[in-house]
Amino acid sequence: MRLTPEEEAILNGEQGESLAKVMKTLVLYGDAFGAEKFVDVTGPSHLVTSFGLNVLKPVFAIMDELIAGGVKAKMPFTVDPRPDFANIESGLLENLVFKKIMYGMQEAYDAQLAKLGLKNSNAYTCTCYHEEVGNIPKYGDILSWAESSAVVYANSVIGARSNRNSGIIELFGAILGKVPFFDLLTDEGRQAKWVVEVKTSKLPEAQVLGSTVGMKVMEDVPYVKGLGQFLGSELTGGVKDYLKDFGAAAASNGAVGLYHIEGLTPEAAEKGEGLIAEGAKTYVIDDAELDRVKASYPVIWKNKETKPVRCFIGCPHLSYRQLDDWVKKFGAELQKQGKTKVGMITVFTAAPDVIERFKTENMDAYGKLLRYGIKLSGFCPLMYMNNPLAEKKPVITNSNKLRTYTSARYYTDDEIVAIAVKGGF
Amino acid sequence: MSRVFKGRPVVAGAISCEAVVSHGGFNTLASFQKSALMKKKQVICSDQNNPDLYNKLLTGKAVCLPQTIGSTTGGMVLHAVSAMGIAPAAMLFSKHIDSLAAAGVILASVWTGSKIVAVDLLGDDFLEYVKDGMTLSVAPDGTVTVDGE
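As you go down the protein sequences, you meet chains A and B in turn. Residues 1 to 425 in this note's numbering are what the first sequence spells out, letter by letter. Residues 1 to 149 in this note's numbering are what the second sequence spells out, letter by letter.
No wet-lab data here; the hints were simulated from the structure. One or more hints might be untrue.
Here are the simulated DSS-like pairs of lysine-lysine, each with C-alpha atoms no more than 25 Å apart in a straight line [to be verified]:
1) A:Lys393 - B:Lys40
2) A:Lys392 - B:Lys41
3) B:Lys34 - A:Lys393
4) B:Lys41 - A:Lys24
5) A:Lys307 - A:Lys294
6) A:Lys393 - A:Lys422
7) A:Lys100 - B:Lys34
8) B:Lys41 - A:Lys57
9) A:Lys115 - A:Lys99
10) B:Lys56 - A:Lys392
11) A:Lys392 - B:Lys39
12) A:Lys368 - A:Lys328
13) B:Lys6 - A:Lys302
14) A:Lys193 - B:Lys95
15) A:Lys57 - B:Lys34
16) A:Lys294 - A:Lys216
17) B:Lys34 - A:Lys99
Using the sequences provided together with the hints, build the complete structure.
Rendered as structure tokens:
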């Protein structure tokens, strides 16, 4: 990389040893991708590492070194959900495992995040771009973000520019206020290497379509045609929610950091098929292809017929609008099945700021949610599932991301509401 | 008969070890999380979606792969398992290294002094030729020699 005199000085330790190591790491990172220069970060960062897992001591050691070196993010950042297990009906033993064995470093790590520039104590969510949270980039912003679902949303739905940075790397970019210029930050890197033609009979389940696309294109950028007939040509709130869930599945089941939706996402609306790279491959998705992919998801429950005990909805975190929709869906299903309460522990997850708004501005729906016996939490279901106690429990989810990383079994939105209300299959 | 493949060293080093091969994208978090969380002395791949590597030993091996996929915790996870001494000895990419894996091997090198040797751009031929259990050696210039069957 070609460094400016100021960047050279940082690399040579003139602003301290810690910052020099941060710079060295980012220079090597940029060199690996042929980056020739740094560019300035123009918006606040979003970090992926929110959990004080005891096994992450090497990460906490880096944080300590940075704090001791007196460095801090240039702009207040947001971070992924905090492992707060209140209000999800976890058992005594589970709570003991969470607090003492797994997340014993949480308070210390929270303090580290605050010292390095965390926005506030509510800034824990994977959907920082929701208006209630307020970390909303502008079109064309250069970002130093991690969290695969947030990166792909910022790039695709907003038209900001961030690479799929790893945890720690995104913090280094936030501290330096600079990132190496390569891949998704460049016009060339945002060209689509795949044309995905959606030829289904109805709007596909967002999480299954995203998974299908991600598994095929892996890290490449897809240009998706055929969704306009179902989603229209306007980025409404509902369409953004759909694309949030689509992108999260594409990013976790593959490595998609950016997608273009014909006539809909900002760059596709502006540049159209000019975004498609020469020689791009074509992938046709019809009903049969979606069925094939959904049927391929492994079920690792010992007894596949066992009755599920817990249902998680909200990975990535639900929007305010989705919370309201889910309460309505459950209300209708309860009425259909002649019941008043859900048949298993059912947890909706959303950003703390979204939950606060929901509780205060939508008291009618919130009251129904409570009467239905549904729990509402700002935590991350993945953090609940990743331990020997929880992983043996039959859990169901409508999240393809949660399915990928845990033993949770995937069901579509319509399927899951019926199962959760009934209390089984 | 052995075959020689020339790649680009991302984290250079000389090493000889046994190969394990993932033909699909390697999900770093899904692969390492169970063993790391349980503080195991060795990593057994826990990615149920990876039929090539599920339940196989990764510690000390040369993981041969196209690229990594999945969560952006990937680099941090690689850094952590490297510091814990349970990482693969090498990661050998048929394609260009991805941003998460690059972060992981570089973080390990700069911040812990431990090393996961990483070579990329080895080509599709490499991934077609190399099989689980084959012994391979990596030279600092990115040359990978695979001992054949």
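Outcome of the hint check:
Restraint check: the Cα-Cα separation between Lys393 (chain A) and Lys40 (chain B) comes to about 22 Å, which is no more than 25 Å; the hinted pair holds. Between Lys392 (chain A) and Lys41 (chain B) the alpha-carbon distance is near 22 Å, which keeps this suggested pair within the 25 Å criterion. In summary, the hint linking Lys34 (chain B) to Lys393 (chain A) is supported, as the alpha carbons are separated by about 16 Å, within the 25 Å threshold. For a cut-off of 25 Å, the pair hint linking Lys41 (chain B) to Lys24 (chain A) is broken: about 31 Å separates their Cα positions.
Restraint check for Lys307 (chain A) and Lys294 (chain A): the C-alpha separation of about 20 Å stays at or below 25 Å, so the hint holds. As the CA atoms of Lys393 (chain A) and Lys422 (chain A) are separated by approximately 18 Å, the hinted pair is consistent with the 25 Å bound. This hinted pair checks out: Lys100 (chain A) and Lys34 (chain B) have alpha carbons roughly 18 Å apart, not beyond 25 Å. Between Lys41 (chain B) and Lys57 (chain A) the CA atoms are separated by roughly 16 Å; this keeps the pair inside 25 Å, and the hint holds.
At roughly 22 Å between alpha-carbon atoms, Lys115 (chain A) and Lys99 (chain A) fall within 25 Å of each other, so this suggested pair holds. Under the criterion of a C-alpha separation no larger than 25 Å, the hint pairing Lys56 (chain B) with Lys392 (chain A) is consistent with the structure, at around 20 Å. For the hint pairing Lys392 (chain A) with Lys39 (chain B), the CA-to-CA distance comes to about 18 Å; that is within 25 Å, so the pair holds. As the CA atoms of Lys368 (chain A) and Lys328 (chain A) are separated by approximately 9 Å, the hinted pair is consistent with the 25 Å bound.
Restraint check for Lys6 (chain B) and Lys302 (chain A): the C-alpha separation of about 44 Å exceeds 25 Å, so the hint is violated. With a CA separation close to 15 Å, the supplied pair Lys193 (chain A) and Lys95 (chain B) stays within the 25 Å bound. A distance of roughly 16 Å separates the Cα atoms of Lys57 (chain A) and Lys34 (chain B); the hinted pair therefore holds under the 25 Å criterion. Restraint check: the Cα-Cα separation between Lys294 (chain A) and Lys216 (chain A) comes to about 14 Å, which is no more than 25 Å; the hinted pair holds.
Taking the CA atoms of Lys34 (chain B) and Lys99 (chain A), the gap is near 18 Å; set against the 25 Å cutoff, the hint holds.
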